[in-house]
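Chemist: Residues per chain are reported as follows:
There are 2 protein chains.
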Amino acid sequence: MEQLPTTGRYAFLAEPFHCDFSQRLFMGHLGNQLLNAADFHSSEHGYGLRYLNTIGKTWVLSRLSIEMTDMPRMYDKFYIETWIDDVFKSFTSRNFKILGTENHVYGYGKSMWAMIDTKSRQPVDLLAVNDGKITEYVEKGKSCPIEKSSRVKMGKIAEYISSIDTYYNDVDINGHINSIKYIEHVLDLWSLEWYEAHLLKRFEVAYVAEAHLGDKLKFYRAPASSTNTNDFFVRITKSNTEGETEVCRARLLF
Amino acid sequence: MEQLPTTGRYAFLAEPFHCDFSQRLFMGHLGNQLLNAADFHSSEHGYGLRYLNTIGKTWVLSRLSIEMTDMPRMYDKFYIETWIDDVFKSFTSRNFKILGTENHVYGYGKSMWAMIDTKSRQPVDLLAVNDGKITEYVEKGKSCPIEKSSRVKMGKIAEYISSIDTYYNDVDINGHINSIKYIEHVLDLWSLEWYEAHLLKRFEVAYVAEAHLGDKLKFYRAPASSTNTNDFFVRITKSNTEGETEVCRARLLF
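Just so you know, the sequences run in chain order B and E.
Mapping of the first sequence onto full-length UniProt numbering: residues 1 to 254, in sequence order.
Mapping of the second sequence onto full-length UniProt numbering: residues 1 to 254, in sequence order.
Extracted from the complex, chain B is given alone in its bound form (with noise of 0.2 angstroms):
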């Protein structure tokens, strides 16, 4: 069999209905298509969502980070290059390349995903799945030049900010909150006047635990930085009958 390229490029267009009052792209809308882009190149390589859950695993997405120069417009065709950074026994990182035409780069994206076991939820071998191949397509010679995704460390004072009920529409094939809403959720905070002077230039986002249906979803916010007034922490928590649990937290840097 032919050796497939490390990286994989998929091509992708900003819809108009998916691009935000500035006809720029939704962050969340293109949080979704690096997952797209994910999960499509790890189908080539034989480590796709549909292969993986007919030997009951699965991707959990852990940490993504988000770093922009500029956003696709309206009708923009852009695409995205990913490719694993390294392997480790239960996790990887996985880079992304967000290009425009003529390779005009708007940005990079950084995540880490673990692979579980769908029944036990909790961490499998990855490489004793497939052969353990998936070592076979790490790229170390490209570059992501932006920071890592951290487990983003926040200090314990935090500002409640609102709360919202989960429905319907917020669950995903998994029956957990699906990750893209839960950065469309935090990019609410802000106002649309916030969002007429600032461009969101860095979007950081850890998935600490799974929340369900029913939920309710708390949102909290701290400065992140003594210096920058446009750096901030997010944290979110469920709460349900069993109480109050942290599931993500964000770092926004506008």
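Simulated from the structure, these hints should not be mistaken for laboratory data.
Be aware that one or more of the hints could be misleading.
Cut-off 27 angstroms, straight-line C-alpha distance, at most; resulting in silico cross-link-like pairs (DSSO-like, lysine-lysine) [said to hold, decoys possible]:
(1) B/K218 / E/K216
(2) B/K57 / B/K77
(3) E/K77 / B/K57
(4) E/K153 / E/K216
(5) E/K216 / B/K216
(6) B/K216 / E/K218
(7) E/K89 / E/K156
(8) B/K119 / B/K57
(9) B/K142 / B/K119
(10) B/K89 / B/K142
(11) B/K77 / E/K77
(12) E/K218 / B/K218
(13) E/K153 / E/K218
(14) B/K77 / E/K57
Chain B regions said to be covered by chain E (calculated; three or more residues, Cβ under 8 angstroms) [said to hold, decoys possible]:
(15) 110-118
(16) 157-169
(17) 177-186
(18) 191-200
Stretches of chain E that chain B covers, calculated by requiring three or more beta carbons in the stretch to come under 8 angstroms of a beta carbon on chain B [unchecked claim]:
(19) 19-28
(20) 34-44
(21) 178-186
(22) 191-202
Note that the Cβ used here is the ideal one computed from N, Cα and C, for glycine as well.
Based on the hints, put chain E in the right spot on chain B.
Modeler: Same frame as chain B, but now just chain E:
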């Protein structure tokens, strides 16, 4: 110039993160792809949103009905065929057929669109745009065997169910609440248990007025039939400093 076919056909993928807990495409995402297909088709014929923007005009979706016997499943490739069914002075009716591979028919859609002036928000004579060429690609011969989009007449008695605030991600490129978001919010009125037992067969929506960021949306529900308990009306109103006004009516048949 070679004559374009009257019917456009566009390919889509039921992306995994656009599918619900049952691994079927969300109705909202299908609706979004219908709007994309409409725009691709209009663009090919010189009536796309991008061109209309340059002459201070735009399409506004007035009514949409979708009737499905089945929904694309996760990773299914599906096709949307769309054609102009009829042209009036300020309106066109546009039909849709949703197909799978080997021409399996998932369902059909019907829609009504108004062309308006982006400044006055008033209907314009669409026959005056592009020398009225739109009349040349009306397709009368193709069947769309579902009831047409109605104005959704509902009685005055409807039960208040819930309300939501609107945020950054709800707003489209025109600064209005995104047409698709209404569909999602309406579907969120039913529980996961309901969806586990019922397939949505027909969804119909009539857009009455535009809502804006910051408006509070309120949802009211009433039975639509005295004999069928799976047939519902939903009314959406917006509330702001000017009071409460109807923005949207829907009818759902499970």
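Chemist: Now look at each hint and say whether the structure bears it out.
Modeler: Tested hints:
{"no.": "1", "hint": "B/K218 / E/K216", "verdict": "19 angstroms, holds"}
{"no.": "2", "hint": "B/K57 / B/K77", "verdict": "33 angstroms, violated"}
{"no.": "3", "hint": "E/K77 / B/K57", "verdict": "24 angstroms, holds"}
{"no.": "4", "hint": "E/K153 / E/K216", "verdict": "23 angstroms, holds"}
{"no.": "5", "hint": "E/K216 / B/K216", "verdict": "19 angstroms, holds"}
{"no.": "6", "hint": "B/K216 / E/K218", "verdict": "19 angstroms, holds"}
{"no.": "7", "hint": "E/K89 / E/K156", "verdict": "31 angstroms, violated"}
{"no.": "8", "hint": "B/K119 / B/K57", "verdict": "8 angstroms, holds"}
{"no.": "9", "hint": "B/K142 / B/K119", "verdict": "36 angstroms, violated"}
{"no.": "10", "hint": "B/K89 / B/K142", "verdict": "22 angstroms, holds"}
{"no.": "11", "hint": "B/K77 / E/K77", "verdict": "20 angstroms, holds"}
{"no.": "12", "hint": "E/K218 / B/K218", "verdict": "21 angstroms, holds"}
{"no.": "13", "hint": "E/K153 / E/K218", "verdict": "18 angstroms, holds"}
{"no.": "14", "hint": "B/K77 / E/K57", "verdict": "24 angstroms, holds"}
{"no.": "15", "hint": "110-118", "verdict": "violated (count 0)"}
{"no.": "16", "hint": "157-169", "verdict": "holds (count 3)"}
{"no.": "17", "hint": "177-186", "verdict": "holds (count 4)"}
{"no.": "18", "hint": "191-200", "verdict": "holds (count 3)"}
{"no.": "19", "hint": "19-28", "verdict": "holds (count 6)"}
{"no.": "20", "hint": "34-44", "verdict": "holds (count 3)"}
{"no.": "21", "hint": "178-186", "verdict": "holds (count 4)"}
{"no.": "22", "hint": "191-202", "verdict": "holds (count 3)"}
The structure does not agree with the numbered hints 2, 7, 9, 15 stated previously, though it agrees with the rest.
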